[in-house]
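K.L.:
The hints should help you fit chains B and C onto chain A, whose structure is shown.
Residue numbers (this note's numbering), protein chains in the order written: chain A, 1 to 215; chain B, 1 to 295; chain C, 1 to 123.
You may find that some hints are simply not true.
Mimicking SDA-like on lysine to any residue, the simulated pairs with C-alpha atoms at most 20 Å apart in a straight line are [said to hold, decoys possible]:
#1 B:Lys131 with A:Pro3
#2 B:Lys232 with C:Ala45
#3 B:Lys232 with B:Val247
#4 C:Lys22 with B:Val272
#5 C:Lys88 with B:Asp276
#6 B:Lys232 with C:Glu34
#7 B:Lys232 with C:Asp19
#8 B:Lys131 with B:Asp183
Incomplete in silico selection of chain B near chain A, CB under 7 Å [stated by the list, open to error]:
#9 Gln52
#10 Arg72
#11 Lys75
#12 Tyr80
#13 Tyr108
No lab work stands behind these hints: they were computed from the structure. All residues carry an ideal CB built from backbone N, CA and C; glycine is no exception.
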Amino acid sequence: MDPILRRSIIYYLTHFVIWFGMLSRFLIVGDWPTFEIIPLFVPAWLASSLLFSEREESYAFLRTLPVADRAIVRTKLGLILSMGALYWVLMTVAAFARGLGSATGPAVFVYVGLVAAIGLLIAAGFQVLIWRFGITVMTGVIVVYTGVVLIATLVHTASMRFTPGWSEVTRMRGVVWLAGAPWLTHPVLVGLTLLAFYGLVQAGIRVKASSEACL
Amino acid sequence: METMLEARDLARHYEDFSLRGVSLDVRPGSITGLFGANGAGKSTVVKVLAHQAPPHAGSVRVFGLSYADEERAIKNRIGYVPQDPVFYTDIFAASVTVRWMARFVAPYFARWDGALFHALLDEFKVNPLKKIRHLSGGQKKLLAIAMALSHGAELLILDEPAAGLDVVYRRALLDRLRAFVADGSRAVVVASHVTDGLDEIADEVLFLDEGRVVLRENRDDLLSRWKWIHFKAGALDSDIERGLTEVRRQPFGNRGLTSDFRALCGRLAAAVAAGDVKVENASLEDVLASYIRKV
Amino acid sequence: MFIALSPSHPDPMYKQVTDQIKEAIASGDLRPNERLPSVRELAEALEVSAITIKRAYQDLESDGYILTRAGLGSFVSEVDRASLRHQKLDELRADLTQILRTGARFGITAEDVIRLTREIEGV
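Chain A on its own, in the form it takes in the complex:
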């Protein structure tokens, strides 16, 4: 495995293992409220993995090695995309396995897809911003973002205790509307995500090549 990938992936995997613990609980218990918060963790988890990984990175050292900027950008953004996809797939499979599709309708899967897609694109965006502005500047931003997402998740979880049955998210207008044609929504979502991702890779390459932030 690419040595840079090997070093960065540790942080993503440790975060993933913790998250998987939560998912396992759902798979065992199988109740809806537990599942609702699982997707909401993904954006925070990806951002946090990124932060740990980048704080420990040394671009000054990498620059002395024959590694092209292009390769670094593709490796690191590819990692975020892969982890995001992994979260996405596992959540979808878990929801299917526990029969959520029949219980709440396709809205659940749209919800999962949206959160995963947005979460991974934001994390990828942060990665590019780190190359543009440096890790020192971006640490604060990412910590605040992660904190806000986690707090919102916890608040939402707490509020759900007082709402019986299925959660509001799957009853949100936008989500329901999108769930109206799931066979269309999902491919489009995946397509748009990949497109946006491709754009981020190109931007990332340009930013990294001329960036002074990591000097």
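P.N.:
Structure of chains B and C alone, referenced to chain A:
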């Protein structure tokens, strides 16, 4: 090939400092020395040449290639040693050792020579099992030098490699650099203080002062035209004095520095024969000091 | 007196000073009983340490070229031209041997050197 490295009109601007109009050509078999005072821009030039910092103007071509297109190919063939080498020091709690570092970088280089690397570590007395963060500044420098020499590089770009090294290792470094270019197919570009001993091995000399190149010349040519001239009191006339860049008057003879010895040679011949004038070699340090004082 | 020191000269600094003062004495630049500069004066002027000059003066005194009187300074002794000449001849012998040896490698004989000497002297 003709030129190993070609830089044209490099410029790079900082808040308080600007590098401008720096050009150089590095031919195979040569050692090019970049000298100058602190803050003259030596490090900046080296960083731009090694693609560690982008130039704000100008171009660099190495082996006829540009970094924009062939970054990986070029970096495989150059050995770079920064002024303050940095390495990965930590992964979680496991601290990184020299040996781990070697295993990390090896796959990136097409021609990594592990045996040579360990032989160099041996010579530089750097223990491969030592943790990087426990190495002294000098040892980190030696580690970086060992890495630069161990992947079949054809061009070395070094930023003050002798700074922080004691005499023994400095000598070893000079010998290694001399040997590196000995077969005429490889070259070295080294930024250094004149007093670090690298002036001994430089074939081409570049002086930087406040971000500009103030001199670019073959070392032997340079030192053959710069000389100290000692005059007996009375032997110094105004005609000769005009050919000197500085004159120091002392009770037992005057001392002058000339930048064009050939021009003065004829006029001094008689005085030399009479013992009224003595000629002495100037050092690169003398020449550089004179340039800096001029500006 | 004309003293020009060179850091790259094979002889140590104190010896360069000694030799050049001897030359000055031999050529008459320094006359007998003339006062030499003080150790500190000369050290400052030549930009070397006082220890170097002190050693040079000590050597000159033990060789009989100068006399040091406490509190008064160092003075050039009455010159014994004969012995000066003798000493210099010995030094020149070594130089000449070197010249002849180098010349021999290029097929230059002693006769060639003698002829060259006469030419230079205009004889």
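K.L.:
Taking the hints in turn, state whether each one holds.
P.N.:
Now for the hints, and whether the structure bears them out:
1. B:Lys131 with A:Pro3: holds (19 Å)
2. B:Lys232 with C:Ala45: Satisfied, since the Cα-Cα distance of roughly 14 Å is no more than 20 Å.
3. B:Lys232 with B:Val247: holds (13 Å)
4. C:Lys22 with B:Val272: This hinted pair holds, its Cα atoms lying about 19 Å apart.
5. C:Lys88 with B:Asp276: Holds - the C-alpha atoms of Asp276 (chain B) and Lys88 (chain C) are around 19 Å apart, at most 20 Å.
6. B:Lys232 with C:Glu34: holds (19 Å)
7. B:Lys232 with C:Asp19: Judged against 20 Å, a Cα distance of about 16 Å means the pair holds.
8. B:Lys131 with B:Asp183: Violated, at about 36 Å.
9. Gln52: For Gln52 (chain B), the interface hint holds, since the closest Cβ of chain A sits about 6 Å away, which is under 7 Å.
10. Arg72: Result: holds, 5 Å to nearest chain A Cβ.
11. Lys75: holds (4 Å)
12. Tyr80: Status holds, d = 5 Å.
13. Tyr108: holds (5 Å)
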